[in-house]
Structure formats: structure tokens, C-alpha cells
Amino acid sequence: MTNLPLWIIPLFPLLGTILLGTVAVVSSGSKKGPSEGFVGALSVLFPALSFVSVVLLAFGMPEEGIRQTLCNWIDIPMLKVNIGFLFDGLSRVMLLFVTGIGSLIALYSIGYMHGDRGFTRFFAYINLFLFSMIVLVLSDSLLLTFLGWEGVGLCSYLLIGFWNHDLNNCKAANKAFIVNRVGDIGFLLGMLCLATLGGSAILNYDALNKFIEMLIAGGHVELATPIIAIAGLLFFVGCTGKSAQIPLLTWLPDAMAGPTPVSALIHAATMVTSGVYLLARLSRMFSVIPEVLMIVLIVGMLTAFWAAVAGLFQNDIKKVLAYSTISQLGYMFMAAGASAYDASIFHVFTHAFFKAALFLGAGAVIHALAGEQDMRRMGGLIKKTPVTACVMIFAFLAIIGFPGFAGFWSKDLILERLYTNAPFGEFFYGVGLLTAVITAVYMGRLIIMTFFGEYRGPKEKEAHIHEAPACMLFPMVILAVGAVFAGYLWADSLGIKFFEGTLAPVVGVAQDFVVGKLAVAHVNPMAFACFGTAAALLGMFIAYAIYGTKRLPRLHAKWGSAPEGFKADWTFFFDYIHSIFIVMFKAAAFVADVFVDKVLQAIQWTIGAIAEIVGDGVSSFQARKVRVQLTLSLVGLVALTAVVLLTGGLF
Amino acid sequence: MELQPIFIQMLALLLFAIGLATALARRNVFFVLMGIELALNAVNLSFVGFAKTLPAAESVAGQIVPLFSIAVAAAEACVGLALVILIFRNRESVDSDNYSNMKG
Chain Y
1 MTNLPLWIIP LFPLLGTILL GTVAVVSSGS KKGPSEGFVG ALSVLFPALS
51 FVSVVLLAFG MPEEGIRQTL CNWIDIPMLK VNIGFLFDGL SRVMLLFVTG
101 IGSLIALYSI GYMHGDRGFT RFFAYINLFL FSMIVLVLSD SLLLTFLGWE
151 GVGLCSYLLI GFWNHDLNNC KAANKAFIVN RVGDIGFLLG MLCLATLGGS
201 AILNYDALNK FIEMLIAGGH VELATPIIAI AGLLFFVGCT GKSAQIPLLT
251 WLPDAMAGPT PVSALIHAAT MVTSGVYLLA RLSRMFSVIP EVLMIVLIVG
301 MLTAFWAAVA GLFQNDIKKV LAYSTISQLG YMFMAAGASA YDASIFHVFT
351 HAFFKAALFL GAGAVIHALA GEQDMRRMGG LIKKTPVTAC VMIFAFLAII
401 GFPGFAGFWS KDLILERLYT NAPFGEFFYG VGLLTAVITA VYMGRLIIMT
451 FFGEYRGPKE KEAHIHEAPA CMLFPMVILA VGAVFAGYLW ADSLGIKFFE
501 GTLAPVVGVA QDFVVGKLAV AHVNPMAFAC FGTAAALLGM FIAYAIYGTK
551 RLPRLHAKWG SAPEGFKADW TFFFDYIHSI FIVMFKAAAF VADVFVDKVL
601 QAIQWTIGAI AEIVGDGVSS FQARKVRVQL TLSLVGLVAL TAVVLLTGGL
651 F
Chain R
1 MELQPIFIQM LALLLFAIGL ATALARRNVF FVLMGIELAL NAVNLSFVGF
51 AKTLPAAESV AGQIVPLFSI AVAAAEACVG LALVILIFRN RESVDSDNYS
101 NMKG
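Protein chains in written order, with this note's numbering: chain Y, 1 to 651; chain R, 1 to 104.
Honestly, I wouldn't trust all of these hints.
As the list claims (entries may be wrong) - Only part of the chain Y face toward chain R is listed, based on derived beta-carbon distances under 10 Å:
#	residue
1	Lys586
2	Val626
3	Arg627
4	Val628
5	Leu630
6	Thr631
7	Leu634
As the list claims (entries may be wrong) - Some residues of chain Y that are not near chain R, with every Cβ distance over 12 Å (derived):
#	residue
8	Leu4
9	Val25
10	Ser28
11	Glu63
12	Gly118
13	Leu233
14	Phe424
15	Phe427
16	Glu500
17	Leu538
18	Val596
19	Ala642
These are computed hints drawn from the structure, not numbers from a lab.
Note that the Cβ used here is the ideal one computed from N, Cα and C, for glycine as well.
Chain Y on its own, in the form it takes in the complex (with noise of 0.2 Å):
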């Protein structure tokens, strides 16, 4: 089935926002709205068909991928840009779980959004969501992959502010949709830099990595290498905006205020990868600049420790999932500051199994709960919400790397190649493994502050405490299935290595061309593998000492389940460093006020007042009445006449 063209992929869900949106749009008028069934249906459908055929192309794909020339997108002298595709190992793997997941993620907003007054719409946003991702995958040059980046970010924004009666959601969406704006003008700078190199034409992945191999080849990196480095660092700029490192990580936390399907599939599964997916892409040409991939390293260290040290604190059971989503994707770029980006993308892989669950299964405790958001107020679910439990358990178990589930095997990965690929590896590896350690902790608070011990919400609310309806649980169970098994693709211990090779044939000239250089540690990797393990259950045994054992916080009934505001949030810090850069803008904005107010206009005005003086002076000349005028310059006229005659010219 190879000869299935590969836009089909991409038009499925663009059907889906069309027809949906004109749903939305005629039935705004009418009272009821459109049939729950028959839009779910619609919105399920599309992107379950967009699964169906990248299964049909993933079975039959080449080696090398395929490549797919659509049409002629931008041609003017300086730019020549085509819409074409690439399905290659890498998009076929990010592929597989964004219209996978994504299928599943709308099949369990039906039951999620039953009722809501924006049902269609919030499906056309769900579908517009899934063609810009897929854009952004798919594409084969950068260009292409922005539009499906701009996109991504105005689904975000679209979605974060859905239920946009509250000003607080809207206030979370500008912010999301703001800083992601600070990262994308790094993303456009980056493209304008690689462009100032070799020309529009290097856009394109397949030939910015000739042009690479051209310039390692020629043996003029170190001429290039600058401006390299500049687009490189330009390019990370774009990630941290969309995958929330530091500094740009303070909009994810507060993006949880959208739904929660909109929570797992946007801002844990699929968008918030995609700056890790951006750093795989262009592997190559990170391979050259070694000081660029130390930077990533540390930035995503940093972030990994940070996000995983204020998820200790958080009480919204959301923020809780948000913070271990960023610090979950530290881990990843910290894979890809070490060059391995496999690991990194098997990451993600992972990730969006467990991480989706987690949300997914939170989405279910808030639906049971009938909106409930605080920890403090939950507890002892397990009996009355068995599957949720088991699911977020298994989840659990995933995200802190239990041996056998899908995150010991990516975990364990990246630390191993920390420690071998990485400069000071020892170092990255040993907070690699401490962050491991706090995330068993935070993550081991939230299963036991939500799942065991007593109820402590309000009494009139326990009875309505209810199991999910069929359509939430079963997407849940699926993705549960996924985070327990999908690990087993690259099962390093036991010699599977599927996945790795399914990546080597983009990633893998960049990962040689920068371990080739370096003496590899031989390493036992069962030695890691106890290592992650014991780090998992030491987490696990301090969480239950610390929350399993004591009578848990309790939220009184009087204060309200707000959250507490700016100051716990934890991303104080960085919130408070933007306001100083928004502060210096603003005072530079002033500065150049000032100037263009009072130096330029007393320039103008003294040029203004010259020239009137000037003109006052010269007209003084002028005669009173038109006649005496004409007749002044027609002497003047036959005087210049005279003058040419009789001197025979002036020159």
C-alpha cells in the first residue's frame, strides 16, 4: 500500500475542522445544537482515518523514506519554497502516536465535553490541531514545518481559552500564545540564518544535511560554523518556547487551564514534543556545533530538576501533570544536548503513552469529582473509581521508571547515554538520576493524596462520585496497554533494539559523527537498569513515608478551591524574570518615546522655522497683483532673451 499519496494523511483532519466548523457555524443559531453523536462520530472518524492510512504507509515505507513533492508553495527570485513531504523513521514514529493517540484523545472528549455549550467547536479545534501537527511533522523543509508550528500554537491558544467566559482562561491563552511567540521569532531568525548561508533552497532537510556533509567534506565547518551555531541556538530558542524549557516555561502550567483532553493531547502528548522533535530533525546540523548541544544539555538539566522540584508543591492535580511534563521533556533534551536523540524520541514515544494516561486518567478523577481540581479535597477514589485507578497507577508506575514499564526502558536510555556521551556525564547523570528519585516522590504524592487514604471532600458530593463513561475508559486503557508495553520496542536490556532502528537512517550520521569521536565507556547496562530502579523506589518509599503514612493536608471547606495564586505556582521566578525583560522593553520603549517626541520634532521644527523665515524674507519680492507679476517675469523673460542673443550664450 505504498502508492497511497502521502498528503491524504494531513487532509483527513483538515475535512474534519471544515466540516465540523461549518457545523459550529450554522448550528450557532439554534438553541440545542447539532447531534452529540453524530459530531463525535465526525470528529472520531477523521483522524481515526489519518491513523489508518500512516499504518498503511509505515508497513510498506522504505529505508530511506518517502518523499512527496505536493506543488509549488513560494517561487519568487529569492525563495523557492515547495509544500512537500517527507515520511521518513522519525515522522513515522511521531506520526503513529499523534493520529493514534489523538484518535483516542477525541474519542474520550466525547464523553469528556458531553453537554458543553462549544461541543462542535471544540472538535474543529481538535481536528485543526491534528493537520497542523501532522504539517508540522511531515513536512520536508522548515518553512513548511513553521506553518504547522504557527498552527500548533493557535490551536493551543484556541483550546487553552476554550471555555473563554472566564478571564482567567483567556489570560492563560494570551500568556501561552504570547511566549510561544518569543520562541517563534526564534524559529523565523534561525530559518533567515541557515537561509544567509546557502540560500532559500537549504530549507530543506534532506539539503541542509548535503549541504552539512558538503561543508564537513570540504573541510570549511570552522568558516560556517559561526553563523551555524547562531541558527542553532536561535533554532533551541523556538524549542524551549514550545516545549517549555527555561526560560520559556512559565505558559504550561497555566495552560492546564483548558480542558483536560486538550491537557494530554496538546500540551503533554504531542505539541510540547514538537521542539524535540525540531532537534532530531536537524540533528545534522546540531551535530557540528558541539557548544550549542552542551547548552541544550544544561538548559534541559536545569528544567528537568527545576519543573520536578516544583511539582513537589503543587496541589491542582493538573499542575502536578504539568510540571512532570516539563520536566519530562528536560529529560529529552537532555538526551539531545548528549546526541542521542533516539533516546530522546523514544522519550517522547513513551511519554505520550503514560503522560497521556496520567491526564486523561486526572480528566476522569475531575469528571468524577464534578470539577474538583484540588488534591486536598480527593482521596480514597480507588474504591469508587477502580478503572481510573488502575490505569493512572500503571501510569505511575511508568513515569517513574518501575523496571518493566515504558518509562524504565526510556529513562534508563537517556541516563545511559548521559553518562557515556555526554561531557561531565558523571555530573548530568547523577541529577538525571536525583530528578528520577523527586519525580517518584511528586508523582507518588499525587497517587496516594488522590487514589488511597480517606475521602476529604465535601460529604454531599461523595455519593455522586461516579466511574467514567465506556467511551473515556477505553481510550485510557489503551493508552494504560501503551504505557506498560510500548517500552518493549527498545528493550536495551534484552537486546531489543526495533526502535533504534527504525530512527538510525535520520539520526543516526549525527549521533556517530559526534560519539564516533568520543571514547565510549564500556558500560554494563544492567548496571543502570539497577541504578533507574532503585531510584524509582526510593522515591516510591519516601512519598508513602512522607504522605502514605500521616493524616494528609485537608483543604477547609471555606476556602474555595481557587488556586493560591502567584506565588505557589513556582514559576514565580521565571514569570518574575520576564516582567524585568517586559519592564526594560517598556523602558526602552520610553527612552525612544522621548527622543522621537522632543530631539527629532525640535529638528523638524527648526528646519519648519527656517524655511518660514526664509520664505517670509523672499516674499517680500513678490509684487501685490497678478498683471504686475506676469509683466515682471516677461521682462525678466525677454531680459535673459536679450542676454543669450546678444552675448551669443552664456557658456
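Let chain Y serve as the given structure and place chain R on it in line with the hints.
Positioned in the frame of chain Y, the structure of chain R alone reads:
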């Protein structure tokens, strides 16, 4: 006596001088405009007169240019009269000596 080209030029000069004198001497702005038209037509006449002295193949330009200039003169008269009407509404006068707000 045969028509000499110089007679035509002299007539043109005479017409031009009358036109110019009218434009300069009269205060009524309509007469000023008429003077200008007269001067313009004097130049046209001069063109045609010179064209007559040249062989037929080369005299075409001398006959064509007045046609253009007549067309332009029509447009100019149109705009000029419109201007005069507007100024008249504004100043309540056709005396060109009253049209002196340029000064000061």
C-alpha cells in the same frame, strides 16, 4: 502679391503681441484668459506658417503639433474657467487685482 511666409509670421507676431497685451493690461480675469488663448493661437499660426515653407514630407510635424496644442488649449480653457468660477464664488470679484492672497 503672393502670400509670403514672412507675412504669416508677422500676423502671428501681431496676434501674439495683442494677446500678451490683453493678458497683461486687462484686469478682468476673463479678458486675461482670452488674451492667453489668443497668444496660444498665434503660436499655432506660426507653426502652420513655417510648415508651409517646408517640403510636404517634412511639413507634417508643423501641422500636427497645432492640433495637439488646440486640444490642450481646450482642456486648459475648461480648467481655467472652472477655476475662475470657483475663485469668483470665493471672492465675489472678477478683478484679477483682487486675487492677491499669495502676498503675506
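Outcome of the hint check:
no.	hint	in the structure
1	Lys586	violated (48 Å)
2	Val626	holds (5 Å)
3	Arg627	holds (6 Å)
4	Val628	holds (9 Å)
5	Leu630	holds (6 Å)
6	Thr631	holds (5 Å)
7	Leu634	holds (7 Å)
8	Leu4	holds (69 Å)
9	Val25	holds (53 Å)
10	Ser28	holds (55 Å)
11	Glu63	holds (77 Å)
12	Gly118	holds (61 Å)
13	Leu233	holds (63 Å)
14	Phe424	holds (83 Å)
15	Phe427	holds (84 Å)
16	Glu500	holds (83 Å)
17	Leu538	holds (95 Å)
18	Val596	holds (34 Å)
19	Ala642	holds (17 Å)
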